[in-house]
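Peer 1: Listed below, chain by chain, are the residues.
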Amino acid sequence: MTVQECRDAFFELLRHNVAAAQSRVPDGFANLGRQAANAGLGLIDVVQLCEEVQARLGREQPDLTLDQFAKGAANSMSETLAGYYSVVREATAIPPDPLHDIARQYTATAMSHQIGVWDWDLQTNDLIIDPSLKEMLGYQDHEIANRLEAWSELVHPDDRDRTRMQSQASLGSDDRSFEFEQRLLHKKGQAFWFVCRGRTIRDENGVAVRLLGTNTNVTAARLVAQEIREGVDRYRALIETVPYGIQEVSLEWVVLYCNSACDRMLGYQRGERIGRSVLDLLPTPEEVDVFCQYFQVSIDEQLPPQPLITQHQTANGRIFDVQIDWDYKRDANRDIVGIISVTTDITERRRYEETLRTARDELERRVVERTAELEAIFDNTQFLIAYLDAEFNFLTANRAWSDASVAGTCPRFATGQNFFDVYPDDELRTVFQSVIASSEPHSEWAKPFINSLDAEQGTAYWNWTLAPVKGRTGNVVGLVMTLLDVTHRVLADETIRKSEERLQAAQEMAHLGNWDWNLETSHIDWSDEMFRIFEVDVERFNGSFLRFLEVVHPDDRKVVSDTFANAMENNGRYSIDYRVVLDSGVEKFLHGQAQVTFDESGKAASISGTTQDVTERKQAEEELRQSESMQRALLEAIPDMIFRVGQDGTLLDFIPAADTRPYLPPSDFLGKKMEDVLPHDVGRLCAESHLRAAETGEVQVIEYRLDVDGTPHDYEARSLVGAKDDILSIVRDVSAERQAEERSRRHRDELAHVTRLSTMGEMATGIAHELNQPISGIASYAAACLMMLESAPGTPHAEKISEIVGKIEAQALRAGEIVRRMRKLVVRRASMYHAVDLLDAIREVLALVDSDVAQTGVEIRIAVSDNVPCVLADRIQIEQVILNLVRNAIEVMDAARIPEPVLEISVSVPTDEMVNVEVADNGPGIASADVGRIFEQFYSTKNNGMGMGLSISRTIIEAHGGCLYMGNTAASGTMFRFTLPVIERMSM
Amino acid sequence: MTEDPTVFVVDDDQIIRDSLATLLSTAKIRTEMYSDALEFLDRFDPERAGCLLLDVRMPGMSGLELQRHLSKMEVPMTTIILTGHADVSMAVGAMKTGAADFIEKPFRADDLIRRVRQAMGQNIEARRIWNRKRELQGRVDTLTPREKTVLALIIEGNPTKTIASQLGTSFNTVRNQRTSIMRKMDTESVVDLVRIMTAFGEQAEKN
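These protein sequences, in sequence, are chains A and B. With our numbering as the guide, the letters of the first sequence map in order to residues 1 to 988. With our numbering as the guide, the letters of the second sequence map in order to residues 989 to 1195.
Warning: the hint list may mix true and false statements.
Claimed, not checked - Computed list of chain B residues with no C-beta within reach of chain A, every gap over 10 Å:
hint: 1; residue: S1050
hint: 2; residue: A1140
hint: 3; residue: M1185
Unchecked claim - Quick list of in silico lysine to any residue cross-link-like pairs, SDA-like style, CA-CA up to 20 Å:
hint: 4; chain 1: B; residue 1: K1084; chain 2: A; residue 2: T979
hint: 5; chain 1: A; residue 1: K618; chain 2: A; residue 2: L634
hint: 6; chain 1: A; residue 1: K618; chain 2: A; residue 2: G649
hint: 7; chain 1: B; residue 1: K1084; chain 2: A; residue 2: A792
hint: 8; chain 1: B; residue 1: K1016; chain 2: A; residue 2: A792
hint: 9; chain 1: B; residue 1: K1084; chain 2: A; residue 2: L872
hint: 10; chain 1: A; residue 1: K824; chain 2: B; residue 2: E1092
hint: 11; chain 1: B; residue 1: K1060; chain 2: A; residue 2: M914
hint: 12; chain 1: B; residue 1: K1084; chain 2: A; residue 2: M914
hint: 13; chain 1: A; residue 1: K329; chain 2: A; residue 2: N316
hint: 14; chain 1: B; residue 1: K1149; chain 2: B; residue 2: S1168
hint: 15; chain 1: B; residue 1: K1016; chain 2: A; residue 2: D577
hint: 16; chain 1: A; residue 1: K588; chain 2: A; residue 2: R547
hint: 17; chain 1: B; residue 1: K1084; chain 2: A; residue 2: E918
hint: 18; chain 1: B; residue 1: K1060; chain 2: A; residue 2: T979
hint: 19; chain 1: A; residue 1: K824; chain 2: B; residue 2: A1079
Don't read these hints as lab results, they were simulated from the structure. Ideal Cβ positions, reconstructed from N, Cα and C, are used throughout, including at glycine.
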């Protein structure tokens, strides 16, 4: 659309609008405005043509009423501009600039009826003024008279003359209309510009009878125009002052305009380049071609303008780089008529660009590096990192996370998945939401996670942090979630805690406390056990060295403080035993160890140590020491010597015995070999025994005899393997025992011998006795016969009979002699009477029958009264008697198979003169038939007994002046009793 | 006691008893036989003079025990131990228990008879002395306690005057007491009295 077309269209619309007396035609003017905008008409053009159209209408239709005209005109303008403006805004979307603001104001002004009409009747001089005009000037209708004078008052004093002249001119001329500008004064005093337009109404004579017109408040428009002018001026100034070179070039490459910056840039005088070819600027022909081609193509194809980088040369011939920003210059028909360009010396820019590029490359390189680093960190950190958006959707995770989720120790997500779809946890969601709301990170330590999908995994522990990521505006756009597996640390902590607990417990059990003393701050730290040891309350703890010394035992104080001072100065550590006396009075033994830490200057900085309550141990040690010394004393007191002999026979060690002397003094045999110090056969015996002990591991017992100081001693040696494969030999002097054994053996032999002898003797006696009776009888009878024959000599053959009987008597006596001699042959050992302790004799006898007792299982009971005196007796003979009785009893009980045979021997003192000995058994007893005969010789109830025992026993007892007889026992069994005369009382 | 002294034989052997009986009766010696000691103790009369022939070896109570019993009696008994076996210890033991003698079987008859006669003679003598003692004792028993005291003093050789002053009595009292004593004791002179009492005292000591 051209301007003319627009003008015409507008006119038509206005005319129609006014004629139709409608206040507005829907969208008509607006459309027109839009069309105008789309046609590229300028805003000023539109405003101008609107005014032109309105004036034209006024001229061509004089019969329009003012009212009609006014309304239509006002609305038309505003709506047109509104339409125009709307398109402009749409097309460019640029924020309103001052020009548009002014246009808007203008529009507003127009829409608020800024046109007033007037009607001047030349004949009456009535000037009817549109109330809206009055209103524009701040007056109410009645305030201004509708008279010329009143109107004249409104005109600005400076414009009155011109107004009058104009009016007169229009009256006088043939022109039917006029237009001029004037200022009218507002009630408040401000001057507003109006365009006064009118037309002259003439009568048939051509005399002006009426003037009719509008006053349009163009203050805003004038302002706009002024602004525009100023703007244009500014624009021009801007053009001239900008540092860019601005040129306008025709299609023939002729420079039509060139601002001063351009001239300066190119080194030309002002205006020198006008009319010259722009191609002069291009340094090389090739560039000229490029330049021309580029623009030509653009023009031909109506391409959108793109900046061109090329080179120019100055008037001096210096070549430099330029950027050309250009646009088409179009005429009113929108045809391209030229190029307007902004040329910028980009040399600096190039440099900057180079630097920038270098920097950018560097930056890129660094970014790449950094990214690689970050990626390396991101993917190789042990932290599990995930990035979520603000709706908790999963965006990305690092490798550690995906590895862990594969292993099942953390939730597995996929990009885009919502966190809480996979891991529903309302509490956690609340936390996430609060992080977003507060923009504050949230972290938790050692949160347990149990994989609900795989219960076998057990409980893992995580430190997790949720940090908000803020966007440029400061609101939270995402979340970074970091997890760190601290399972093992938790477990380790647990282990440490348990270990510390155990340490505590161990300290408690061992009564061991530890302490730290910072010498600089004088602060002392005590473990729990320390408080227990010193019986101090934690709250009342007032640790100081002096206080400590106070509880140390007075006798130990000096040692303790000296040791301490020494450690502080010299070696830095100490170990000391000391006593403390606590407030409660309790005394304890303590063992303390400490280490001093020195600073760089060598001064003591801190001390840490342990203190142990060793009271119990000390007591135990004391007891042990006492026990050991007792043991030692015991060992030395025992009569056995102990030798330690090496495997090669070297005598290594010797523990002496109390009453026994070794073969040689220790200094003579220690360190030497056995074979060198002992007699050959003894040495060999010992060596063999040691060898056997080493081989079998069993105790070997040997006996040997050595002469010590000329006296033979018998030794019993027990050898066994000791520690370190040495042989321990325990040697006892058994000489006395051996001798006693020898005596005992001889005693027994003697007893046996005597028994045998006495048996024989008794037999002999028995026989003798038996023989003597008849022999005695024969002798007596013979003697009696002889005597009777003597007293009766007349008896026939008295002499012969006497002779024969005498022979009988003689033979009888001879027989008796023989018997006597025979008895003498079996000599009974001479009785040796001395003091005999019956209990000893009994014991001796029991020793002899030990094996019989063991075999038959007889229980022996001995009952001896107090103060049994010794008896005067032959010991061997008494033992014979006891032996006989005991043996009889045992044999009887065994033969009768008594289940629990008991043999009771009792010794009592019934009177001062005699001692009673009773031997009783619980056997079958003696049959009444045998009772009278048991003491007879050759009478026995035993199958193979000789029957001598009891008679011999009786003989012996009687010889001692005692009696042997059988008594009764309460239970069944037999009891024999014999008595012996007491020796004069002697104390044993 | 006009009876002849008797030999009491205690022996469990029948042959011995018989042979002894035969022998002794042939020697005109009166005998009585016992086969065991308890029987003897039951039956014998201590007033009878004589001697015992005891066999050592007897069941029940042995000869030595019987001997001990007898030695405890007041009446003097004289015993001869018979034994089939003899040794010094037995002999000593027998003598210690108070036996008068000790004979070993077989014995010579004349030896036995001689010893038996000797023993019997001993016994008679012993009895006579013992009876005398008994009689004297009986007489002494008739003395009043005072008289016994005076008697003792007289025997010591104290004159009447001394006795009187020692006892705190008068001369006459003592003299009267002396007369009473001599009458009761059946002596005529102080000398006799002293002699009798002395012998009695010795006897008493012996016993």
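Peer 1: All hints are to be evaluated individually against the structure, with a verdict given for each.
Peer 2: Hints, verified against the model:
no.: 1; hint: S1050; verdict: 6 Å, violated
no.: 2; hint: A1140; verdict: 32 Å, holds
no.: 3; hint: M1185; verdict: 33 Å, holds
no.: 4; hint: B:K1084 x A:T979; verdict: 17 Å, holds
no.: 5; hint: A:K618 x A:L634; verdict: 23 Å, violated
no.: 6; hint: A:K618 x A:G649; verdict: 41 Å, violated
no.: 7; hint: B:K1084 x A:A792; verdict: 42 Å, violated
no.: 8; hint: B:K1016 x A:A792; verdict: 14 Å, holds
no.: 9; hint: B:K1084 x A:L872; verdict: 15 Å, holds
no.: 10; hint: A:K824 x B:E1092; verdict: 14 Å, holds
no.: 11; hint: B:K1060 x A:M914; verdict: 17 Å, holds
no.: 12; hint: B:K1084 x A:M914; verdict: 16 Å, holds
no.: 13; hint: A:K329 x A:N316; verdict: 30 Å, violated
no.: 14; hint: B:K1149 x B:S1168; verdict: 17 Å, holds
no.: 15; hint: B:K1016 x A:D577; verdict: 116 Å, violated
no.: 16; hint: A:K588 x A:R547; verdict: 16 Å, holds
no.: 17; hint: B:K1084 x A:E918; verdict: 26 Å, violated
no.: 18; hint: B:K1060 x A:T979; verdict: 19 Å, holds
no.: 19; hint: A:K824 x B:A1079; verdict: 16 Å, holds
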